[in-house]
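*Asks:* Chain by chain, the residues:
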Amino acid sequence: MLNIFEIFGKYLLLLGRCISRPEKAQMYWKETFRQAHEIGIGSLVIIAIVATFIGAVTAVQFSYQLKSIGLVPMWWMGSILRKSMILELAPTISALLLAGKVGSNIASELGSMRISEQIDAYEIMGVNTPAYLVGPKILASVVVVPMLAIIAVFLGIIGGWLGGVAGGYFSTAEYVRGLQDMFMTKDLNIMLIKSTLFGFIISSISCYKGFYVEGGAIEIGKASTQAVVMSSIVVIIVNFFVAFLLL
Amino acid sequence: MIEIKNITKSFGKQQVLKGVSAVFDTGKCNLIIGKSGSGKTVTLKCMVGLFEPDSGSIEFDGRNITAMNFKERKEVRREIGMLFQGTALFDSMTVEENVRFPLDMFTSQSESEKRDRVNFCLKRVNMENTNKKYPGELSGGMKKRVGIARAIVMNPKYLFCDEPNSGLDPKTALIIDHLIQEITQEYQMTTVINTHDMNSVMGIGDKVIFLHEGLKYWEGTNKEILSITEGELFDFIFASDFLKDLRRRAKF
Ligand SMILES: Nc1ncnc2c1ncn2[C@@H]1O[C@H](COP(=O)(O)OP(=O)(O)OP(=O)(O)O)[C@@H](O)[C@H]1O
Ligand SMILES: [Mg+2]
Numbered sequence: 309m310l311n312i313f314e315i316f317g318k319y320l321l322l323l324g325r326c327i328s329r330p331e332k333a334q335m336y337w338k339e340t341f342r343q344a345h346e347i348g349i350g351s352l353v354i355i356a357i358v359a360t361f362i363g364a365v366t367a368v369q370f371s372y373q374l375k376s377i378g379l380v381p382m383w384w385m386g387s388i389l390r391k392s393m394i395l396e397l398a399p400t401i402s403a404l405l406l407a408g409k410v411g412s413n414i415a416s417e418l419g420s421m422r423i424s425e426q427i428d429a430y431e432i433m434g435v436n437t438p439a440y441l442v443g444p445k446i447l448a449s450v451v452v453v454p455m456l457a458i459i460a461v462f463l464g465i466i467g468g469w470l471g472g473v474a475g476g477y478f479s480t481a482e483y484v485r486g487l488q489d490m491f492m493t494k495d496l497n498i499m500l501i502k503s504t505l506f507g508f509i510i511s512s513i514s515c516y517k518g519f520y521v522e523g524g525a526i527e528i529g530k531a532s533t534q535a536v537v538m539s540s541i542v543v544i545i546v547n548f549f550v551a552f553l554l555l
Numbered sequence: 124m125i126e127i128k129n130i131t132k133s134f135g136k137q138q139v140l141k142g143v144s145a146v147f148d149t150g151k152c153n154l155i156i157g158k159s160g161s162g163k164t165v166t167l168k169c170m171v172g173l174f175e176p177d178s179g180s181i182e183f184d185g186r187n188i189t190a191m192n193f194k195e196r197k198e199v200r201r202e203i204g205m206l207f208q209g210t211a212l213f214d215s216m217t218v219e220e221n222v223r224f225p226l227d228m229f230t231s232q233s234e235s236e237k238r239d240r241v242n243f244c245l246k247r248v249n250m251e252n253t254n255k256k257y258p259g260e261l262s263g264g265m266k267k268r269v270g271i272a273r274a275i276v277m278n279p280k281y282l283f284c285d286e287p288n289s290g291l292d293p294k295t296a297l298i299i300d301h302l303i304q305e306i307t308q309e310y311q312m313t314t315v316i317n318t319h320d321m322n323s324v325m326g327i328g329d330k331v332i333f334l335h336e337g338l339k340y341w342e343g344t345n346k347e348i349l350s351i352t353e354g355e356l357f358d359f360i361f362a363s364d365f366l367k368d369l370r371r372r373a374k375f
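From first to last, the protein sequence lines are chains A and B.
For the first sequence, the working numbering gives the first residue as 309, with consecutive numbering after it.
For the second sequence, the working numbering gives the first residue as 124, with consecutive numbering after it.
FYI, nobody ran anything at the bench for these hints, they're computed from the structure.
Calculated lysine-lysine pairs in the DSSO-like style (CA-CA distance at most 30 Å, straight line): (1) B:246 to A:332; (2) B:330 to B:280; (3) A:318 to B:197; (4) B:255 to A:332; (5) A:318 to B:136; (6) A:332 to B:237; (7) A:530 to B:136; (8) B:256 to A:409; (9) A:318 to A:409; (10) B:280 to A:332.
Everything numeric in this text was worked out from a predicted model, so none of it was measured.
Construct the entire structure; sequences and hints are all you get.
*Replies:* In structure tokens form, the structure reads like this:
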């Protein structure tokens, strides 16, 4: 069994080997776009559904509580929703969803390529396999995950509006007033920093898990489960530290 | 010509190769035979650089790859083609994309040059008109043939085949064997083939190396191998009692 330092060392080495001059830049770009398409378009629907409903449920529950306190004007809801979507819900929830979807996908794809000797076949041809197979996945994820988070923010806010108005907690005019109140670019920056980090965490951990699979089909399954669990845990921990350090 | 000298390789406590030396000739099919688990695949993987041998040297026409750095090795790898035991075709790519991948990655040929080369190689293995199919849609024998096409697309000087005809019916196996033999002679490649199929040994075994318990136990040609009458190799060749009996009664 490898201890934690060895694992971390091996992980860093894999990342190090991703950084090299590509044999043919065009092939790497092609692969990066393919991955970006897979991660982005492939996850759009689930992110959209979850973000909209999270927005709606946040609006309803928050309004319910504010109402019972009674001292706070309901137009605050717009601002509360915007802030919580941007700062926490959109980046974190989409990262957790993506850890499940993209993480398991990456780990099982690389794992089955390893088991069926496809990675060896690339290696024999003289391809720098970490650079070609891992690099584009990480790059694509780092670019695409923040985009998905931005989409999640918008849909969450729309969901909140639908939920709140349908529940009779506030009017559209009140909600919009709240949305426009005290907007801070800092929040947006934190979200982008968070989701870029999350994209890196999810893709790199899953690549590591998949790339070094040994054995057979069962190990592929295990690797993809571990990829999901590991990246979710690291996402949550890093989420805390980013909030702690930057807020 | 490839020469391996005193290769050893262990996994944990298990020593798989205990000092194997052999010469693989150019323009010939050099066969490595041996029981399952005797270390054929490990030997081949050491030769192509997928495993690092613990000691010993591997020389490709005088160039010792064990002493090379990553960059120098990459140059030698450009001259290597390999057919894997499970074919290792890229399953997210079509047949055509599989075969042209090395061209895309390593050459600056024009679109039409690449297309011609891919079609030539596919035709060479009798797989024309399958360009747009995915590996999942092919039979075992067809996959092997595409694997061969991909292995030879860069005009390799060295061709490695790990059990090219395992899992195939005897007739298809024969076709694959002869295909490899023809290509080897046509392009004067140094071909190394792992097999435990006696039909292949008799059919294309220009040079045969028998591995047993991590050592080279015997070396010779397919003509010579039938004159064996005892020992481990005898047990290997005439695996059934029926065949052993037949051999003992034979007059040669
Ligand atoms: N990656 C590995 N890790 C640990 N042990 C290994 C590894 N690869 C091979 N071995 C061991 O090395 C020995 C030889 O294996 P090898 O695959 O070379 O056999 P083989 O001669 O190719 O057999 P077959 O005809 O079944 O393919 C086996 O005992 C196997 O357990
Ligand atoms: Mg083998």
